[in-house]
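**Q** So you can see what is in the structure, the chains are spelled out below.
Protein chains: 2
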Amino acid sequence: MNQIEAALQGKITPEMEMISRTERVSVETIQQGVRAGRIVIPKNNRREVRKPCAIGAGLRTKVNANLGTSPDDCDENKELRKLKAAMEAGADAVMDLSTGGDLRRIRRAIIGECYVPLGSVPIYECASDAMRAGRHTSDLSGDEILGAVELHARDGVDFVTVHCGVTFSVMEQARKLSRVTDVVSRGGAILLEWMHANGRENPLYERFDDLLDISRKYDLTLSLGDGMRPGCLADANDAAQFGELLVIGELVRRARAAGVQAMVEGPGHVPLHLVEANVTIEKSTCDGAPFYVLGPLVTDVAPGYDHIVGAIGGALAAAKGADFLCYVTASEHLRLPSEEDVWEGVMASRIAAHAADIAKGLPGAADWDRDMSTARCALAWEKELSLAMDPERAKSFRASSPPRDPEFCTMCSEFCAMKKSAPVFRTKS
Amino acid sequence: MNQIEAALQGKITPEMEMISRTERVSVETIQQGVRAGRIVIPKNNRREVRKPCAIGAGLRTKVNANLGTSPDDCDENKELRKLKAAMEAGADAVMDLSTGGDLRRIRRAIIGECYVPLGSVPIYECASDAMRAGRHTSDLSGDEILGAVELHARDGVDFVTVHCGVTFSVMEQARKLSRVTDVVSRGGAILLEWMHANGRENPLYERFDDLLDISRKYDLTLSLGDGMRPGCLADANDAAQFGELLVIGELVRRARAAGVQAMVEGPGHVPLHLVEANVTIEKSTCDGAPFYVLGPLVTDVAPGYDHIVGAIGGALAAAKGADFLCYVTASEHLRLPSEEDVWEGVMASRIAAHAADIAKGLPGAADWDRDMSTARCALAWEKELSLAMDPERAKSFRASSPPRDPEFCTMCSEFCAMKKSAPVFRTKS
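Residue numbers (numbering that gives the first Met the number 0), protein chains in the order written: chain H, 0 to 428; chain B, 0 to 428.
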């Protein structure tokens, strides 16, 4: 039984049960959230997900890691290593965004090893097929585009990005603007090119009911992609972005009415002072649907460090209510990410998510920090290192610079402030 | 002539002149800010500073990098390499926090090569001298503590951290609290231990007028240190922290009345939702004095990644009005930072500072981002790479993964959204 169907009938699915144990919320809270559409549980009903998760209001902020080949860098084994790195680093979900090589084989290999929810962007596959066959992507038929979604669902994908909100009218509005970076969404660009060439409506919008039928069949969660997301600070929060968001809000309501789980994708590149507005406007226009942001990146000028740029934006977005952070890696804007980029990217986003969970006042979120700090003040190094978000990294840093006295570290040695001040505070007068 | 003296007499110093050219503000704005104490120009009147800077209201957010040996890791050449790395990475100021080796020699070597404002914490030196001589730091005399400040000023240090606000009464208040990490400021801990052992007032508070005399003599900027800064999220924004801040506010007013430049140091470890309060309370209780924050770190659990944790807190603090960000490196809580840590730490803080400057609406701050994005959309790779905050990093990432077609990168290859959507947007119908 699909998650939303169960929730509507007052039933508890095994996933709701598992998730309530890891989230410190009651199973009823999750059930009610799924029923109202404020929580999604991305899980294909034909696939086992060993570590499922729920995304949305009142829950821990989740982190997604993007994987996948490109025509220029296409190594299935490397992608499997990146998958392993992402899951071990603690990603709550991953997306296979492959566009190079045998997409079906790569996806199936990833699904075989992926124990967290897996997302994909099906239009990449029919676009890739068309390009290899020497066809233009604008010659794709609506059936081919919808067919790619069904193929992914049948393979077991748990959530798909579908750029249904890039309508013909959104495109016409956007063309009147003078954007600095036009469009930076690959799926969005393919569909805009298609509409522009054919003079017809976006098939994913026009045939949204067919998409809902496929989704219901597999309990596929729709991640309503933002084809018009800003690709630079100068384009942030413009009429094209919010015009598309209003369409997405309409589609969220249609999905809910059809018993299909839906979340909403957000930007992108957004200056710090405009981040909060993105969250509040998404929540109000999309009736509280889970919000899945990419970064956001709070400056355009730091390629090579975009995991940090994205962590700043992500922390603020999540603190204000975003539910799901898509990581950005250090390689963004420069190359396909490496395995190391994946690891660091997941860590940066987990830091942002955790900092936000504390700010959101999530019950118990700050306990981890208190335990760490108690160990730190007691100079209980083993406990401190094992409590680190990345214990191996913490241990290797310490091991690389051994102090003479193991009570201290080489930063302060016997100048350790906690050690020196202990007699003042620990022996009360 | 000292900066504040010149400002009061309506004169323009060479530093004000230089700084107004790099800041895009009028020299009168800087002069008025210095006069009012809302801007400081840390520059010892006995030293040349090739790249001076001003810190405070209406100016670009500045970044400081901490350097210095410890008794466990004491290599003068390594510290000089770290100094070079910090300045080349773009730090606006550096602090020598050495506590190991021949402190005088190391400081003088650093001063000799340092072309940005240099700060220090003089109490480390008399504490180190005492400990080597087998004395307890609580046996230091007030003259020795003040003498260390004068020694640093005579050597040419531009600003000093002095923990004058940790008064006996602040200590007594703090002892009634149940802090998780007591005190994490080394200077603060030395003074608390001193007061506790001697049952007497903090000499840096008691003899603040003497400190002002030394400062005026050398135009030494006082950085009023927060000995009671929280060392973990659980201790943030508590009565000890704010009790000390109120004392610091009083000292800011005394410094201004005495013609001495002063700024205020802030935390430390602060959860995201409490960061803004730190800035607004500092600005109101310290009459708009420049605010110099350490991080802040928005979670305690990510040792090995604290440069990222600090960039999140720093971006938010600066966006809300903090003026000066002290970097935190990936090695924080684990070891003395390496040269690479210094580089990455400066970059992370510069990202935070720049993102905040855009959010603050600083004139021209977003131009860099617009230029970068224009180059990006034009696929003008050379320009894009040269505009990067760290061009070498960006170039090496791209070079490590060469695309078949140099127009693209290996992330998207021919799926490049900007390329695909250009015909839709660049040929208006």
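Possibly wrong hints are sitting among the right ones.
One copy or two, it doesn't matter: identical chains are merged, so the pair holds either way.
Derived SDA-like pairs: lysine to any residue, alpha-carbon spacing no greater than 20 Å straight-line [said to hold, decoys possible]:
| hint | residue 1 | residue 2 |
| --- | --- | --- |
| 1 | Lys175 | Gly360 |
| 2 | Lys10 | Ser395 |
| 3 | Lys216 | Cys415 |
| 4 | Lys359 | Met17 |
| 5 | Lys418 | His135 |
| 6 | Lys216 | Ala256 |
None of these hints come from the bench; they were simulated from the model. Remember, it's a predicted structure, so these values are computed and weren't measured experimentally.
**Q** Give a verdict on every hint.
**A** Status of each hint after checking the structure:
| no. | hint | verdict |
| --- | --- | --- |
| 1 | Lys175 with Gly360 | neither (42 Å within a copy, 26 Å between copies) |
| 2 | Lys10 with Ser395 | neither (47 Å within a copy, 54 Å between copies) |
| 3 | Lys216 with Cys415 | neither (61 Å within a copy, 33 Å between copies) |
| 4 | Lys359 with Met17 | neither (23 Å within a copy, 44 Å between copies) |
| 5 | Lys418 with His135 | between (69 Å within a copy, 14 Å between copies) |
| 6 | Lys216 with Ala256 | within (15 Å within a copy, 76 Å between copies) |
In terms of the numbered hints stated before, the structure departs from hints 1, 2, 3, 4, listed from lowest to highest.
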